[in-house]
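2 protein chains.
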Amino acid sequence: MRITGFASTPEPPYYAVIFTTQRTPGDHGYREMAERMKHLAAQQAGFLGIESVRDEAGFGITVSYWESLEAIAAWKAHAEHQAAQASGKKIWYAHFKLRVAKVERG
Amino acid sequence: MRITGFASTPEPPYYAVIFTTQRTPGDHGYREMAERMKHLAAQQAGFLGIESVRDEAGFGITVSYWESLEAIAAWKAHAEHQAAQASGKKIWYAHFKLRVAKVERG
Numbered sequence: 012m013r014i015t016g017f018a019s020t021p022e023p024p025y026y027a028v029i030f031t032t033q034r035t036p037g038d039h040g041y042r043e044m045a046e047r048m049k050h051l052a053a054q055q056a057g058f059l060g061i062e063s064v065r066d067e068a069g070f071g072i073t074v075s076y077w078e079s080l081e082a083i084a085a086w087k088a089h090a091e092h093q094a095a096q097a098s099g100k101k102i103w104y105a106h107f108k109l110r111v112a113k114v115e116r117g
Numbered sequence: 012m013r014i015t016g017f018a019s020t021p022e023p024p025y026y027a028v029i030f031t032t033q034r035t036p037g038d039h040g041y042r043e044m045a046e047r048m049k050h051l052a053a054q055q056a057g058f059l060g061i062e063s064v065r066d067e068a069g070f071g072i073t074v075s076y077w078e079s080l081e082a083i084a085a086w087k088a089h090a091e092h093q094a095a096q097a098s099g100k101k102i103w104y105a106h107f108k109l110r111v112a113k114v115e116r117g
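Here the protein sequences come in this chain order: V and W. According to our numbering, the stretch in the first sequence is residues 12 to 117, in order. According to our numbering, the stretch in the second sequence is residues 12 to 117, in order.
Some hints could be false.
Note: identical chains are not told apart, hence a pair may lie in one copy or across any two.
[Stated by the list, open to error] For lysine-lysine, the following DSS-like pairs were computed, each having C-alpha atoms within a straight-line distance of at most 25 angstroms:
no., residue 1, residue 2
1, Lys87, Lys113
2, Lys108, Lys49
3, Lys100, Lys87
4, Lys101, Lys49
5, Lys113, Lys101
6, Lys87, Lys101
7, Lys49, Lys100
Don't read these hints as lab results, they were simulated from the structure.
If we strip away everything but chain V, and leave its shape as in the complex, we get (with noise of 0.2 angstroms):
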């Protein structure tokens, strides 16, 4: 029984982003990319956990937790994740949505 795609996240309150996307088809270095994505989110300051998961029908929802806001702001103008972004509107998502919310309770 898997429990490793669980973030262990402290008391709140503290920072997430819900990231729902559905992917094109074909890979296109989407995974690639993904991965390296995580490994670096997971660098950054303030940097909390994460949580992603995706369909057989490439439907997904990754939430990331941070510290603060600022930390939100500074991993979204890293310039590695800015040449991803680029690349995950033009080619690996059809279709997505960010919200950006304040943990309350959990």
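Model the placement of chain W on the given structure of chain V, informed by the hints.
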């Protein structure tokens, strides 16, 4: 390309309930209950939408969106939902984590 899995939420602020789960093996009435709960949730006052995905390993994230903490509390206290919560803890989920967050951007 499916985009029906996305919730059409209003301008923030609103609330998100992030429910991360690992299913136990076997169905044991889970699928029927899950459909029923989605149907029932959608009828509650203050419900805004739901996004849900589970992978082949049984790891899932469901995010439901609500107008207010009061709407979330009322749904949590709903009798049929309470029965489902009890069965979830006993039968359907090997592990779960529930977070309540206020969406500030999205």
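Legend entry - Within, between, both or neither: Lys87, Lys113 at alpha-carbon 25 angstroms: both (17 angstroms within a copy, 20 angstroms between copies)
Legend entry - Within, between, both or neither, where Lys113 and Lys101 count as close if Cα-Cα is 25 angstroms or less: Intra 29 angstroms, inter 30 angstroms, cutoff 25 angstroms: neither.
Legend entry - Up to 25 angstroms CA-CA - Lys87 versus Lys100, copy category: within (14 angstroms within a copy, 36 angstroms between copies)
Legend entry - Within, between, both or neither: Lys108, Lys49 at alpha-carbon 25 angstroms: Answer is both: 18 angstroms inside a copy and 21 angstroms across each meet the 25 angstroms cutoff.
Inset, instruction - State whether the alpha carbon distance between Lys49 and Lys100 is at most 25 angstroms within one copy, between copies, both, or neither. - result: Close inside one copy (18 angstroms), not across copies (30 angstroms); limit 25 angstroms.
Legend entry - Up to 25 angstroms CA-CA - Lys49 versus Lys101, copy category: Within. Shortest intra-copy distance 20 angstroms satisfies the 25 angstroms Cα cut-off; inter-copy 33 angstroms does not.
Legend entry - Intra- versus inter-copy proximity for Lys101 and Lys87 (alpha-carbon distance at most 25 angstroms): within (17 angstroms within a copy, 40 angstroms between copies)
The structure shown violates just one earlier hint, number 5.
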